[in-house]
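Undergrad: Build the full structure now, drawing on both the sequences and the hints.
Number of protein chains: 2
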Amino acid sequence: MTTHSFSSKRLTIIGVGLIGGSLARALRRVNACGEIVGCGRDEAHLKRAVELGVIDRYEVDPAVAVSGADVVVLAVPLRAMATVLSQIAPGLAADVVITDVGSAKGCVVEAVRSVLAERFCDFVPGHPIAGTEKSGVEASFAELFDNRSVILTPVEETDSNKCARIRTMWEAAGANVSEMAALHHDEVLAATSHLPHLLAFSLVNTLASLDERKEIFDYAAGGFRDFTRIASSDPVMWRDICMENRDALLEVLAHFNNGLKQLEEAVHDNDGEAVLNVFTRAKVTRDRFCG
Amino acid sequence: MTTHSFSSKRLTIIGVGLIGGSLARALRRVNACGEIVGCGRDEAHLKRAVELGVIDRYEVDPAVAVSGADVVVLAVPLRAMATVLSQIAPGLAADVVITDVGSAKGCVVEAVRSVLAERFCDFVPGHPIAGTEKSGVEASFAELFDNRSVILTPVEETDSNKCARIRTMWEAAGANVSEMAALHHDEVLAATSHLPHLLAFSLVNTLASLDERKEIFDYAAGGFRDFTRIASSDPVMWRDICMENRDALLEVLAHFNNGLKQLEEAVHDNDGEAVLNVFTRAKVTRDRFCG
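Line by line, the protein sequences give chains A and B. All letters in the first sequence, in the order written, are residues 1018 to 1308 by the working numbering. All letters in the second sequence, in the order written, are residues 1018 to 1308 by the working numbering.
Incorrect hints may appear among the rest.
Identical copies carry no separate label here, and so any pair may be met within one copy or between two of them.
[To be verified] DSSO-like cross-link-like pairs, simulated, lysine-lysine; straight-line CA separation at most 30 Å:
1. Lys1026 with Lys1179
2. Lys1064 with Lys1231
3. Lys1026 with Lys1064
4. Lys1231 with Lys1278
5. Lys1278 with Lys1151
6. Lys1231 with Lys1026
7. Lys1151 with Lys1064
8. Lys1026 with Lys1278
9. Lys1231 with Lys1151
Just so you know, the hints here were simulated from the structure itself, not pulled from any lab data.
TA: In structure tokens, the structure reads:
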């Protein structure tokens, strides 16, 4: 483990779930924080996080939780972001840097701009491209971000020193950090993450409505399990992502529907060559990029 | 390893790939065969199978390969089945039982009936619900069928003793064997296997056509890799499956399209409750059946 320039006297995580809990564990691993304070709506859950050694202590009042913190991480569902921001605003220290881990960034930038107003510059929008289909602090682990990508989407007003600080935080957690524009992030993630989740949820929901559902799932093999794994993800979190990144999601879904329609027609018309072309191009592409 | 009643003096496998090779390895594990003979179109591939100890020897002429065999397993793509059957027909022994591993069964039953004619009763249609996205004998392994399902779809004419023999063969290979009607099998597998493959191939093909494809795949995380793993499967094999199980595939695809259309409308209409209902039902269903 290399030495990182990141250190925090008090780091507060709002939402100590899979992502928030794993970040806390990863930063502990390199002794980057004097103290890690947790906050959330469920006190039993926060107690469990203390027992597991993920956080040092917790507060149930968000404004108290961020008091004296030099770093605040918002790890809550996207649609809870604005409410949480307004709750923490009164307690924020002057030198604080605030960041988030939301899977869509355009909506977060808008929400933070309107809630934080003149302190908007203290906020660094971020998104670690990591996770599992599991939820909650029990599922968190220190290695979640090792060699994974974190995308920061600073805007013109963002304090560049604070952005650099969040970059070092994620590097200390093991991640590779890059930057891009929020709306571009949202297009890329709609394609690579949000659409696959929508399709997986939709497929399982449709199969669950068929008369043969019991047999269908009884005979599901490894391929089906892998394909539908993401349909075991947290429904509220993913509802928020799909609604908050609606435009980019609907756009890439339209592309998908066009492609699927063409493939369906090829199958219907018994055009094996066209079907083989699609399958071959897909295999070559996936083997190259994910092989 | 329990003792199984299956034994074969000479078992011939036409198509020594992932499935054929794994079956050979699984049967060797329990010393079920006096000799395992391989056959296929690529002699270098067959030599490799001998080197790996998967088969004892090979023949390039299918009729010679099945000569003296008491069990013949056809592990070739669905659309090669009729040709291979007509090639082996002259060499079949009187007491032979022939089976296949094709992923669709209605088409196989039809093809075999027309090619084998009065010897149709010697054929037991079968499908091991197991596999990986990899292909070829190098990817084969003895444990592939352990505790996995094998579905046999005998028809009225099928010799019941021969069907029982193929059941014990798969049990010796570690699998759990059940029986169902061929067309019912095809409906269930269209839902649980063929449609997911179609969707995965289609998604990767569509994303590969987008301008941002490089970035899309660069930022693909574990969820995307799992979701698209089956798009690395053998294109010819899957072209054959989709074309040969066309009716059942198009029917379940129509259900899928309806469900996706409703979900798309809910996202478009900002109906978060409807989206959450779909996601929740999918998660509950998957956790129950695949958890």
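Undergrad: Each hint needs a verdict: does it hold in this structure or not?
TA: Status of each hint after checking the structure:
1. Lys1026 with Lys1179: within (15 Å within a copy, 74 Å between copies)
2. Lys1064 with Lys1231: Neither. Shortest intra-copy (39 Å) and inter-copy (43 Å) distances fail the 30 Å Cα cut-off.
3. Lys1026 with Lys1064: Within one copy only: 22 Å inside, 65 Å across.
4. Lys1231 with Lys1278: Close inside one copy (28 Å) and across copies (24 Å); limit 30 Å.
5. Lys1278 with Lys1151: between (33 Å within a copy, 27 Å between copies)
6. Lys1231 with Lys1026: neither (54 Å within a copy, 39 Å between copies)
7. Lys1151 with Lys1064: within (19 Å within a copy, 45 Å between copies)
8. Lys1026 with Lys1278: Neither: 55 Å inside a copy, 50 Å across copies.
9. Lys1231 with Lys1151: So Lys1231 and Lys1151 pass the 30 Å test inside a copy (24 Å) and across (28 Å) alike.
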